[in-house]
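Visitor: Residue strings, one per chain:
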Amino acid sequence: MNTRSLAPLAAERHIPNVWDIVAILCVFGTLATVTHIGRGTFVRIDAPGATEISLDPWRLPEYAVRTTLRMFVALAASLVFTFTYGTAAAKSRRASLILIPLLDILQSVPILGFLTFTVVFFMNLFPGQVLGLELASIFAIFTSQAWNMAFSMYQSLRTVPADLLEAAISFRLSPWQKFWRLEVPFAVPGLVWNTMMSMSGGWFFVVASEAISVGDNTWKLPGIGSYIAQAQTERDLPAIVWAIVTMLVVILAYDQFLFRPLVAWSARFRFETTSGATASDPWMLRLIRRTRLLRSLGDYIGRAASAFGGLRLSFGSGPRLRRESHSRMSSLIWGTLVCGLLVWSCWQAFTFVAAELSWPDLGEASLLGFVTLVRVVVLMVIASLIWVPIGVWLGLRPAWARRAQPLAQFLAAFPANLFFPMFVIVIVHFGLNRDIWLTPLMVLGTQWYILFNVVAGAAAFPGDLREAANSFHVGGFLWWRKVIVPGIFPYYITGAITASGGCWNAAIVAEVVSWGDTRLVAHGLGAYIAEATERGDMARVVLGVAVMSAFVLTFNRLLWHPLYAYARRRLTLG
Amino acid sequence: MDAPLLEVFGCRQAYHKEANADLVVLDDVNLTLREGEIVALLGRSGSGKSTLLRIVSGLLSPTAGQVSWRGEPVVGPMEGIAMVFQSFALFPWLTVKENVELGLEARGVSRVEREKRAEDALDLIGLGGFASAYPKELSGGMRQRVGLARALVVYPDLLLMDEPFSALDVLTAETLRTDLIDLWAEGKLPVKSVLMVTHNIEEAVLMCDRILLFSSNPGRVASELKVPFPHPRNRLDPAFRQMVDDIYALMTRRTPTEPKAAESPVHPLAMPLQRVGINLMAGLMEALAAPPYDGRADLPALAATLHYEVDDLLPLGETLQLLRFAVLEEGDIYLTDKGRAFVQSDVDGRRVLFAETLRTHVPLANMIRQVLEERWNHRASAVRFRDELEDHMSPDYAADTLRTVIGWGRYAELFGYDEETEQFNLDDQE
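Protein chains in written order, with our numbering: chain H, 4 to 577; chain R, 658 to 1087.
It is possible that some hints are incorrect.
Here are the simulated lysine to any residue pairs, SDA-like style, with alpha carbons at most 25 Å apart [unchecked claim]:
1) Lys773/R to Asp836/R
2) Lys773/R to Phe373/H
3) Lys793/R to Ala463/H
4) Lys793/R to Arg273/H
5) Lys793/R to Gln158/H
6) Lys485/H to Lys995/R
7) Lys793/R to Lys223/H
8) Lys793/R to Leu109/H
9) Lys793/R to Arg306/H
10) Lys793/R to Gly305/H
11) Lys793/R to Ser309/H
12) Lys793/R to Asp107/H
13) Lys845/R to Asp902/R
14) Lys773/R to Arg273/H
15) Lys849/R to Thr720/R
16) Lys94/H to Asp836/R
17) Lys94/H to Val341/H
18) Lys485/H to Val341/H
19) Lys94/H to Asp107/H
20) Lys995/R to Arg1041/R
21) Lys773/R to Tyr303/H
22) Lys793/R to Phe272/H
23) Lys849/R to Thr689/R
24) Lys793/R to Leu160/H
25) Lys793/R to Pro192/H
26) Lys94/H to Leu109/H
27) Lys793/R to Ala308/H
28) Lys849/R to Ile838/R
29) Lys773/R to Ile304/H
30) Lys793/R to Glu186/H
31) Lys845/R to Arg691/R
32) Lys849/R to Asn874/R
33) Lys793/R to Pro164/H
34) Lys223/H to Pro241/H
35) Lys883/R to Glu1079/R
36) Lys94/H to Pro241/H
37) Lys223/H to Val68/H
Non-contacting residues of chain H with respect to chain R, defined by C-beta distances greater than 12 Å in every case (computed) [claimed, not checked]:
38) Gly32
39) His39
40) Leu176
If you are wondering where the hints come from, they were derived from the structure by calculation, not from laboratory data.
All C-beta atoms, glycine included, are put in the ideal place defined by N, C-alpha and C.
With these hints in hand, go ahead and build the complete structure from the sequences.
Guide: Following this line, the structure appears as structure tokens:
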């Protein structure tokens, strides 16, 4: 298409059409709501109604908006973190020495265990104000979102194709221009995907972090999570159903309005030189493109963003040859400094815990850790046995795979803790063994990662290999063992790593659940941490979280990392 | 005559290797470039010609020596130098027009001016209708035209081209070459001089006024040739053919692995092997043994028939020479008696003959076999051999050499190799 031939039409372009009216209504509605909610966060905690939760279903839309808003504030914070932390780690070899292992640890630490500390911290920052609670909740969501986004940014920046980098340097792009023209676009597809994953994880945490009790105090921030918590205390089953329905609507809306268009848009940054089959645009993107005003606004913003990225900002004297040669001495000093800091912080944690606890406590926590470990392993095995065959069946049938894929992603995003009360009712009613029957709660939300990765793997399985297997009459168990399982293994591992990480985190909320006065506690490290949190027993919380982190890290190092490396090396097709 | 555009004095590029001598990629290279000429850097892969281009472009700084551009030292990408890449290096998320405007934007040229110049450049190179397309919608030839337009739009005094046509198919490459030369001859290219890297002899003779012939290991300018023909040139002109033949002769004469070299007392591991597979060797030997060659062929003719470039054919020929299956001589290649014996043998006979050859003429293969036989468990780590190889050659060469010897050894059933543990073994051997 030639731009000149469009010039006569330009005058008509700015007259709003029907779609514009729809879109403008949406925009103003959103703005008004945000302002209204924003006012609510600056009141005092003891102000009337500030932290009261009403079980009236008509209040649910407001609660839902507040919860969603928290999510997006946290998301914005995560993006800021990603662009600073991820970039710093990728640009400086020395910074990456400390930033990357730190990120790796933060990724595998059970974040829910830290809720206690952050609440106390933020409450002290804004004493007596709702804002402190809000920030604590937002921080909890942030910690569930930020790490993998930063990691994705780091990895993208480290793998920018060498020839594009050379082209950018040889055409004398300033570092600023290089960042926005080359590095950020290259990172976009990975970042969008990880943001989506993060948001999915975030819903779980927003629900868990709105109703917080530390020691004798219990605070409930207006939101869906608190609504559920309140309904649990009041044994109000219809309220729980209402909350679940509301959540479904919210997740469906954010998926349709935000992520579908975003994923479709990010496809253009995918680094591939051949044009593959592209899926049709989601309706939201088409709507935006159809509106006249919105589109010209979008164009305007796009041009402004482009000018922003094209600024010839430079923090040196033009492009220079980079020589990264640090002297051995300074590297040594840096290394010593990092090690020193590490030892010092470990020592701090140790003395804090040791002041109140002794070795038998460590033994107890480790033992409970093993119990939870057994749970996680059993759950992973069972979930795999169920979802791998189903995923393969779906993935090999394109028509089904297309429908199953978004559904599984949707289910993964749905905060499983909303369903916990249902399980409690059943367990209490039938008097089931809580150590066994509370266990499935841990995998409720995370099993979908296995499903949709397996579906993706099976869908990507090459047709010629399937035909070859058919023509040699490979069937039955042999087919599973030699053909499809190795074929989907890398995908399966990716899903299983996410699922198992999620399980550990969920243990903290899944091993202790209550329904009114009925409290179900299973034996395990999650329950240990949850109960210590409720008692305000900081030393035990620290110990529990430390032991759980150790378990997760060891589990990752000994099982998942080698398996992942093997899958990448051996079983990746092509 | 006016001052040279570009001058390179005593340029040396070496990679430091601890405890050992530096690995020299480029050694004592001098180059002067004046206005109005197209110069080719011609050589085999690994002769450092691409490295030299990157030094000239300011992407790489040399270990020693000076590079000056219009009398000023080159310390980074200079204004007035633009580059065309072998892989095109187009930004997939920018449209053709945005890609072309990139260099202008970096200079802070205003939007209106940018659009005008981009449009002119696209029209010049025959891409006027593709301005709003994305690179992935274009064919390889069109993509490289975008790469050219992107370089030309900044009106560079010097255009650098790094094997610009080697990623394209034969016909597309030819069209692009002639289009470019036509524009140059008509004075329509907004450049004063062109420096291009190539491993295609005919391409160099077709396009350039001067050819610098590089020798490998370390990279040096072995000889300099002037191409006296006026544009447009005719590939079939006898003088043109003769020049191509001469360059082939020059390149084969200066190969490092002449028969004598292997017998001289160099370290047994100081012999880099090129990644040439068994099937390729067998195929070439069979082709040579059959009519019309009957055992002897002229390299340029052979390359033309097989659609091979010098970069494909020479490593193959040299490897056959190393294994004593063939001899390279003055631009010709001929089969030895052993080569003929190989061609006439059956599958198993070939394997046995190849195994014998490896043990006598490839010290590395012989050494691996010996170590395995001496070990009680008949196992040896590949890492150890790679480390030893790296004492004598660059890590890339060492990795290539090891991969090659693994392939050859497996074929000859001299030893086995387990990829997972990176270990040599004698498991499959009788």
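Visitor: Taking the hints in turn, state whether each one holds.
Guide: Hints and how they fare:
Only pairs whose Cα atoms come within 25 Å are accepted, and Lys773/R paired with Asp836/R is accepted, the gap being roughly 22 Å. Between Lys773/R and Phe373/H, the direct Cα distance comes to roughly 70 Å. Violation of the 25 Å bound is thereby established for this hinted pair. For the given pair, Lys793/R sits about 22 Å from Ala463/H by alpha-carbon distance, which is consistent with the 25 Å threshold. For the given pair, Lys793/R sits about 11 Å from Arg273/H by alpha-carbon distance, which is consistent with the 25 Å threshold.
Between the alpha carbons of Lys793/R and Gln158/H the distance comes to roughly 24 Å, so the proposed pair stays at or under 25 Å and holds. Between Lys485/H and Lys995/R the CA atoms are separated by roughly 44 Å; this puts the pair beyond 25 Å, and the hint is violated. Among the hinted pairs, Lys793/R with Lys223/H is inconsistent with the structure: their alpha-carbon atoms are about 53 Å apart, more than 25 Å. A hinted pair counts as satisfied when its Cα atoms are at most 25 Å apart, and Lys793/R with Leu109/H does not qualify at roughly 39 Å.
A C-alpha spacing of about 23 Å is found between Lys793/R and Arg306/H, which places the hinted pair at or below 25 Å, so the restraint holds. With a CA separation close to 22 Å, the supplied pair Lys793/R and Gly305/H stays within the 25 Å bound. Among the hinted pairs, Lys793/R with Ser309/H is consistent with the structure: their alpha-carbon atoms are about 21 Å apart, no more than 25 Å. Between Lys793/R and Asp107/H the alpha-carbon distance is near 36 Å, which puts this suggested pair outside the 25 Å criterion.
The straight-line distance between the Cα atoms of Lys845/R and Asp902/R is roughly 32 Å, outside the 25 Å bound, and the hint therefore fails. With a CA separation close to 29 Å, the supplied pair Lys773/R and Arg273/H exceeds the 25 Å bound. As the CA atoms of Lys849/R and Thr720/R are separated by approximately 28 Å, the hinted pair breaks the 25 Å bound. Between Lys94/H and Asp836/R, the direct Cα distance comes to roughly 42 Å. Violation of the 25 Å bound is thereby established for this hinted pair.
Between the alpha carbons of Lys94/H and Val341/H the distance comes to roughly 18 Å, so the proposed pair stays at or under 25 Å and holds. Annotation: proposed proximity of Lys485/H to Val341/H is violated, straight-line Cα distance about 47 Å (limit 25 Å). Distance check on the hinted pair: Lys94/H and Asp107/H sit about 18 Å apart at the alpha-carbon level, within 25 Å; holds. Proximity of Lys995/R to Arg1041/R is assessed by CA-CA distance (about 33 Å); at most 25 Å being required, the pair is judged violated.
With a CA separation close to 21 Å, the supplied pair Lys773/R and Tyr303/H stays within the 25 Å bound. For a cut-off of 25 Å, the pair hint linking Lys793/R to Phe272/H stands: about 11 Å separates their Cα positions. In summary, the hint linking Lys849/R to Thr689/R is supported, as the alpha carbons are separated by about 14 Å, within the 25 Å threshold. Taken as a hint, the Lys793/R and Leu160/H pair is honoured in the structure, with Cα atoms around 22 Å apart against an allowance of 25 Å.
Proposed proximity of Lys793/R and Pro192/H is supported: the alpha carbons are some 16 Å apart, at most 25 Å. For the hint linking Lys94/H to Leu109/H, the alpha-carbon distance of about 20 Å falls within 25 Å, and the restraint holds. For the hint pairing Lys793/R with Ala308/H, the CA-to-CA distance comes to about 24 Å; that is within 25 Å, so the pair holds. A threshold of 25 Å between alpha carbons decides the hint, and for Lys849/R with Ile838/R the separation of about 13 Å falls inside it, so the pair holds.
Taken as a hint, the Lys773/R and Ile304/H pair is honoured in the structure, with Cα atoms around 23 Å apart against an allowance of 25 Å. Our distance criterion of 25 Å between C-alpha atoms is met by Lys793/R and Glu186/H, whose separation comes to about 19 Å. A distance of roughly 18 Å separates the Cα atoms of Lys845/R and Arg691/R; the hinted pair therefore holds under the 25 Å criterion. Taking the CA atoms of Lys849/R and Asn874/R, the gap is near 32 Å; set against the 25 Å cutoff, the hint is violated.
Of the pairs offered as hints, the one joining Lys793/R and Pro164/H holds, with about 16 Å between alpha carbons and a cut-off of 25 Å not exceeded. Proposed proximity of Lys223/H and Pro241/H is supported: the alpha carbons are some 20 Å apart, at most 25 Å. The suggested pairing of Lys883/R with Glu1079/R is violated, with an alpha-carbon distance near 50 Å, which exceeds 25 Å. With a C-alpha separation of about 53 Å, the suggested pair Lys94/H and Pro241/H falls outside the 25 Å cut-off, and the hint is violated.
As the CA atoms of Lys223/H and Val68/H are separated by approximately 16 Å, the hinted pair is consistent with the 25 Å bound. Against the 12 Å criterion, Gly32/H stays outside the reach of chain R, whose nearest CB is about 33 Å from its own CB. Listed as a non-interface residue, His39/H keeps its Cβ farther than 12 Å from every Cβ of chain R; the least gap is roughly 38 Å. Remark: the non-interface label on Leu176/H conflicts with the geometry, its nearest Cβ contact in chain R lying 5 Å away (cut-off 12 Å).
Taken one by one, the earlier hints fail for this structure at numbers 2, 6, 7, 8, 12, 13, 14, 15, 16, 18, 20, 32, 35, 36 and 40, listed in ascending order.
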